[in-house]
Amino acid sequence: MKLPTRIGTDQNGYILNPTHINKLQHHIKPLLHTVLQLLQNCLGENVHSIYVYGSVARGEAILFKSDLDLTVILYSPISSNTKNRLYAETRELVKKHKQLTKVDYDMGLVKEALHSDHYHEWGFWLKHVCCCIHGEDPSLQFPMMKPTKQISYSLNKDLIPQVNQFMDTLKSGTVTSALVKQSMIKKMIRGAYLTINVEDQSWATTIQDQLRILEAYFPNDFVIQELHYVYKMKTVDSSALLSLLQAYKLWYEKRHTS
1 MKLPTRIGTD QNGYILNPTH INKLQHHIKP LLHTVLQLLQ NCLGENVHSI YVYGSVARGE
61 AILFKSDLDL TVILYSPISS NTKNRLYAET RELVKKHKQL TKVDYDMGLV KEALHSDHYH
121 EWGFWLKHVC CCIHGEDPSL QFPMMKPTKQ ISYSLNKDLI PQVNQFMDTL KSGTVTSALV
181 KQSMIKKMIR GAYLTINVED QSWATTIQDQ LRILEAYFPN DFVIQELHYV YKMKTVDSSA
241 LLSLLQAYKL WYEKRHTS
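Number 29 in UniProt numbering belongs to position 29 of the sequence shown; there are no gaps in the numbering.
A hint or two may mislead.
The list that follows gives simulated cross-link-like pairs (lysine to aspartate or glutamate, EDC-like), each with its CA atoms no further than 16 Å apart [to be verified]: (1) Lys23 / Glu89; (2) Lys95 / Asp106; (3) Lys249 / Glu121; (4) Lys186 / Asp69; (5) Lys157 / Glu199; (6) Lys187 / Asp104.
Label-pair distances were calculated between CB atoms; the ranges are [said to hold, decoys possible]: (7) Lys234 / Asp137: 37 to 43 Å; (8) Gln208 / Pro143: 27 to 33 Å; (9) Met107 / Gln208: 26 to 32 Å.
If you're looking for bench data, these hints aren't it; they were derived computationally from the structure. Heads up, the beta-carbon is just placed ideally off N, CA and C, and yes, glycines get one too.
Let the sequences and hints guide you as you build the complete structure.
Given below as structure tokens:
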């Protein structure tokens, strides 16, 4: 593999957005419409705009295997009762439509999304990761961006707290499904990739590309090899995953202090 790979960037180094409303697959559109109706029923006029990202937005969704990932921009915060209702109805929807493994929401406020302080977080997210499917699209106000440490740090800011929380869950003996474990493994792979993407001048969006790039920069690295191994497994033993999480945390922290 030639390095830097520059995967996911144009000839001038700007990040390409791999999502588009025209890439939505026909078999996904009815499910997406159902989820949009649910959001509008629960949140009403408080919804400013809704975006889809991930495999669905890239036109790569696989029925019964892919998640539906949505970003929802609101005018004002929602109450705990409204949030509970939304998530309860979403769980029921997933039970009825087993073509989806789960539906995830990233929620934010429009005043935060458009604020200059969140340029490298919300600005980047809406401009380069998402596709607007409902409402006004504020991403049109942001310029094209290149990979930067600020963007990577912003996207990784919750990674170690999530790693710590997941380790606590495994230590407590709480039953954790294979789906939840796989989701955590994907977060770890993306998080590791975001420590090298600026040097690689790339913005890889698939786990496969991220792993290839990591293995090119960290050949024979134990943590990277283990991440690749557990990603390919259908089930992962909790004790083995806990050990990997502990090693990963040390690896990640070393990357940020070196």
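Here is what the structure says about each hint:
Note on Lys23 and Glu89: the hinted pairing is violated, with a Cα-Cα distance of about 27 Å set against a maximum of 16 Å. Distance hint between Lys95 and Asp106 is unfulfilled; the C-alpha atoms sit about 21 Å from each other, more than 16 Å. A distance of roughly 23 Å separates the Cα atoms of Lys249 and Glu121; the hinted pair therefore is violated under the 16 Å criterion. For a cut-off of 16 Å, the pair hint linking Lys186 to Asp69 stands: about 14 Å separates their Cα positions.
Simply put, Lys157 and Glu199 have alpha-carbon atoms about 19 Å apart, too far for the 16 Å limit, and the pair is violated. Straight-line distance between C-alpha atoms of Lys187 and Asp104 comes to about 14 Å, which keeps the hinted pair within the 16 Å bound. In this structure the supplied range 37 to 43 Å holds for Lys234 paired with Asp137, their Cβ-Cβ distance being about 38 Å. Take Gln208 and Pro143: their Cβ atoms lie about 29 Å apart, and the range 27 to 33 Å holds.
Between Met107 and Gln208, the C-beta spacing of about 29 Å keeps the proposed range 26 to 32 Å intact.
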